[in-house]
Amino acid sequence: MKLEAGWVPVALSSSIEAATSAGAVVEGSEIVVWRDNSGVVHVWEDRCPHRGMRMSFGFVRGDHIACLYHGWQYDAGGQCRYIPAHPTLDVPSTIKVPTYVSQEKYGIVWATASPDAAMPDIGPAVGSTPVRSLYVDCSATDALSALDAEGLEHISTDTGLLACDGDKLFIAVQAITTTKAAVHAVLLGPPSADNAKRQAHHARRLEKMRYALEQAAEFA
Amino acid sequence: MGGASCEESMIEAATFTFRGQMICESFTEFALHRARRLDLEIDLGACDAAAAVLSVRGQGDLVDAFEMACSLGPYDCIILDIERKTAT
Chain A
0 MKLEAGWVPV ALSSSIEAAT SAGAVVEGSE IVVWRDNSGV VHVWEDRCPH RGMRMSFGFV
60 RGDHIACLYH GWQYDAGGQC RYIPAHPTLD VPSTIKVPTY VSQEKYGIVW ATASPDAAMP
120 DIGPAVGSTP VRSLYVDCSA TDALSALDAE GLEHISTDTG LLACDGDKLF IAVQAITTTK
180 AAVHAVLLGP PSADNAKRQA HHARRLEKMR YALEQAAEFA
Chain B
0 MGGASCEESM IEAATFTFRG QMICESFTEF ALHRARRLDL EIDLGACDAA AAVLSVRGQG
60 DLVDAFEMAC SLGPYDCIIL DIERKTAT
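Note that the protein sequences, when read in sequence, are chains A and B.
Residue numbers for the first sequence follow numbering that gives the first Met the number 0, so the first one is 0 and each next one is one higher.
Residue numbers for the second sequence follow numbering that gives the first Met the number 0, so the first one is 0 and each next one is one higher.
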């Protein structure tokens, strides 16, 4: 799904720590996912308006992110506020990074250009533990087909619940390109003493699925 | 510092003549885009295969940035010389 079409899962919440940034791709659109010091997550186009450097290479400073290249600083709304080479410049409102609306739900960061679209809903949050984001060299369609074969109970086209060895996983699939996809998985339910063990178990299972998918893609 | 601050934020108007190998449509689109990005007022003047004339008005630093951007020009134009006339 494209960012213009609805809510797209772009990362596990746990993968984006405070004061860090990471690059991601949704159907070819490059985005930066960053979290400010107060814990709020932001999703923008991954391009500084100055010279096109990836903002995901930048540095988070408080609630601003600074481009790695020339240090231009942008506030949480994407507006450039400070240009180090021109410290007294009143930066015009036209120097702005295009932003997406972002939200965190079920331990996943979601982004969209159409915030009125419905967010996948599995009812009240009951707690979640991140399993992992799995990056697979196959299309999102093929990844979903493999998950369907495992018994994925769809919530939406790209998301669903997967019952697995007594646990319930929430799965959200992100189309990166036509030949790459990300599968974000979280373990639903309150944390338990053996969470780490279960997390590792499900991560290994997903890795096996990836191996099978990539083998199938290679020999198709 | 205070003096420099006032100077740097001053509004400046400049008329540029960019000379070189120009494709008017391409260069004009490029200049309009950069002026919009830098929040500059722009008036397009004459343009032919050898030169383009235009005037911009805005913060001095951003007029400088505009000149730098247009000195590189779009990929299909080659800028060999820039004449700048400033009126503050």
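In case anyone wonders, no lab produced these hints; they're calculated from the structure.
Any given hint could turn out to be false.
As the list claims (entries may be wrong) - Stretch-level coverage of chain B by chain A, calculated; a stretch enters the list once three of its residues show a Cβ under 8 Å from a Cβ in chain A: (1) 14–24; (2) 58–69.
Claimed, not checked - So the derived list for chain A, only partly shown, Cβ under 7 Å to chain B, looks like this: (3) Leu88; (4) Pro91; (5) Thr156.
The model shown is predicted, which means the values in this text are computed figures rather than measured ones.
Glycine included, every Cβ here is placed at the ideal spot set by N, Cα and C.
Verification of the supplied hints:
no. : hint   : result
1   : 14–24  : violated (count 0)
2   : 58–69  : holds (count 3)
3   : Leu88  : holds (5 Å)
4   : Pro91  : holds (3 Å)
5   : Thr156 : violated (37 Å)
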